[in-house]
Amino acid sequence: MVPPRHAVLQKQEAGTTRESVSRLGQRGQRGHAPLRSSLVSMGASQSQRAEDTGPILAQEETPKSQERQASADTVNCPTCQGTGRIPRGQEDKLVAVIPCTDQRLRPRHTKFYVCLSVGVCLLISGLVLFFLFPRSVSLSDLAVNSAYVVFTPAATNITIFNSLNISNDNFATVEASELDVRVFYLETVVGSTKVANVTKVKPRSEKMYNFEVFISLTDIGINKYCKSTSTKIRIIFFKLQISMTVFFLAHYEQLSLDTFEYIDCGTNTTTPHVSSRSK
426 MVPPRHAVLQ
436 KQEAGTTRES
446 VSRLGQRGQR
456 GHAPLRSSLV
466 SMGASQSQRA
476 EDTGPILAQE
486 ETPKSQERQA
496 SADTVNCPTC
506 QGTGRIPRGQ
516 EDKLVAVIPC
526 TDQRLRPRHT
536 KFYVCLSVGV
546 CLLISGLVLF
556 FLFPRSVSLS
566 DLAVNSAYVV
576 FTPAATNITI
586 FNSLNISNDN
596 FATVEASELD
606 VRVFYLETVV
616 GSTKVANVTK
626 VKPRSEKMYN
636 FEVFISLTDI
646 GINKYCKSTS
656 TKIRIIFFKL
666 QISMTVFFLA
676 HYEQLSLDTF
686 EYIDCGTNTT
696 TPHVSSRSK
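Just so we're aligned, residue 426 is where the sequence shown starts under the working numbering, counting upward by one.
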């Protein structure tokens, strides 16, 4: 049985269409192959360039929350001037390491400052020793201002007014106290006096201190000698022992003086000759 004509035409048209489609596909594949290869090569070159310009080691990004937390828990290091971070509250417990090339380890004018410090210390020490070193305090120049003589049937009473010179060579005030005076006649104590608070002597100066001593002569021979009218001048020889305590520059010293006086016991007032000897 022969197929109809229109069926044969349809088969021929279908086959033709398939061939055209297959040819177009082959042509498309052949024509677009270079394009695909070019696109692939361009993508590879871009990725290679990106890899070449990127960092060798990947940097770890710190989250902003961690950075804020780190800045709140730390403070600027006082040694590195803010270039580092140390835990807050421990800045006084940490030790800073300074490099050997730091200029702070090589101060300028070191010899000048050392010499200046030594010179100032020596000067201060010299001034302290000069002004505070204890110097002498002495008693001297005992003089009789006047003497009053009173006769009684059993004794001859004499009141002697003396002046004692106190010299102070220190740069500090001297306080004199505890004055003790004893008068001897032929190794016998015939008079004495004591004064608790004496006087104060200013630095680098001298001061005269006046005191009086009462003497009573009860010996029969000396009474006849003083009351005798055969001679006009009747001189008696006395020995005086004087001691005094002085305080200056935070310490005490004991001063003493042995001296001799010649008193005319035949008149009511007299100005005798005095011979002094310090001890």
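Possibly wrong hints are sitting among the right ones.
Said to hold, decoys possible - The following label-pair restraints were derived from C-beta to C-beta distances:
#	residue 1	residue 2	range
1	PRO559	GLN528	16 to 22 Å
2	SER653	SER561	43 to 49 Å
3	PHE662	TYR573	33 to 39 Å
4	SER630	GLN679	41 to 47 Å
5	TYR573	LYS657	14 to 20 Å
6	THR618	HIS676	56 to 62 Å
7	THR618	PHE662	17 to 23 Å
8	THR624	ILE645	57 to 63 Å
9	LYS657	PHE586	21 to 27 Å
10	GLY544	GLN679	36 to 42 Å
11	THR613	GLY551	51 to 57 Å
What the hints assert, rightly or not - List of simulated lysine-lysine pairs, DSSO-like, C-alpha gap at most 27 Å:
#	residue 1	residue 2
12	LYS649	LYS627
13	LYS649	LYS632
14	LYS632	LYS652
15	LYS664	LYS652
16	LYS657	LYS619
For the record, the hints were derived by calculation from the structure and aren't laboratory data. No residue lacks a Cβ here, since even glycine has one placed at the ideal position from N, Cα and C.
Evaluated hints:
1. The hint said 16 to 22 Å for the Cβ distance between PRO559 and GLN528, and at roughly 50 Å that hint is violated.
2. As the Cβ distance of SER653 to SER561 is approximately 45 Å, the hint placing it in 43 to 49 Å holds.
3. PHE662 and TYR573 have their C-beta atoms about 19 Å apart, which leaves the hinted 33 to 39 Å range violated.
4. Between SER630 and GLN679 the C-beta distance comes to about 21 Å, which lies outside the given range of 41 to 47 Å.
5. Range check, TYR573 to LYS657: Cβ separation about 18 Å, and the 14 to 20 Å hint holds.
6. In this structure the supplied range 56 to 62 Å is violated for THR618 paired with HIS676, their Cβ-Cβ distance being about 26 Å.
7. Taking the beta carbon of each, THR618 and PHE662 are about 19 Å apart, inside 17 to 23 Å as hinted.
8. Distance hint check for THR624 and ILE645: the Cβ-Cβ separation is about 40 Å, which falls outside the suggested range of 57 to 63 Å.
9. For LYS657 paired with PHE586, a C-beta distance near 23 Å keeps the hint of 21 to 27 Å intact.
10. Separated by about 40 Å at the C-beta atoms, GLY544 and GLN679 satisfy the suggested range of 36 to 42 Å.
11. Checked against the given bound of 51 to 57 Å, the beta carbons of THR613 and GLY551, roughly 53 Å apart, stay inside it.
12. For a cut-off of 27 Å, the pair hint linking LYS649 to LYS627 is broken: about 47 Å separates their Cα positions.
13. Taking the CA atoms of LYS649 and LYS632, the gap is about 39 Å. The hint is violated against a cut of 27 Å.
14. As the CA atoms of LYS632 and LYS652 are separated by approximately 37 Å, the hinted pair breaks the 27 Å bound.
15. This hinted pair checks out: LYS664 and LYS652 have alpha carbons roughly 22 Å apart, not beyond 27 Å.
16. About 33 Å separates the Cα atoms of LYS657 and LYS619, which puts this hinted pair outside 27 Å; it is violated.
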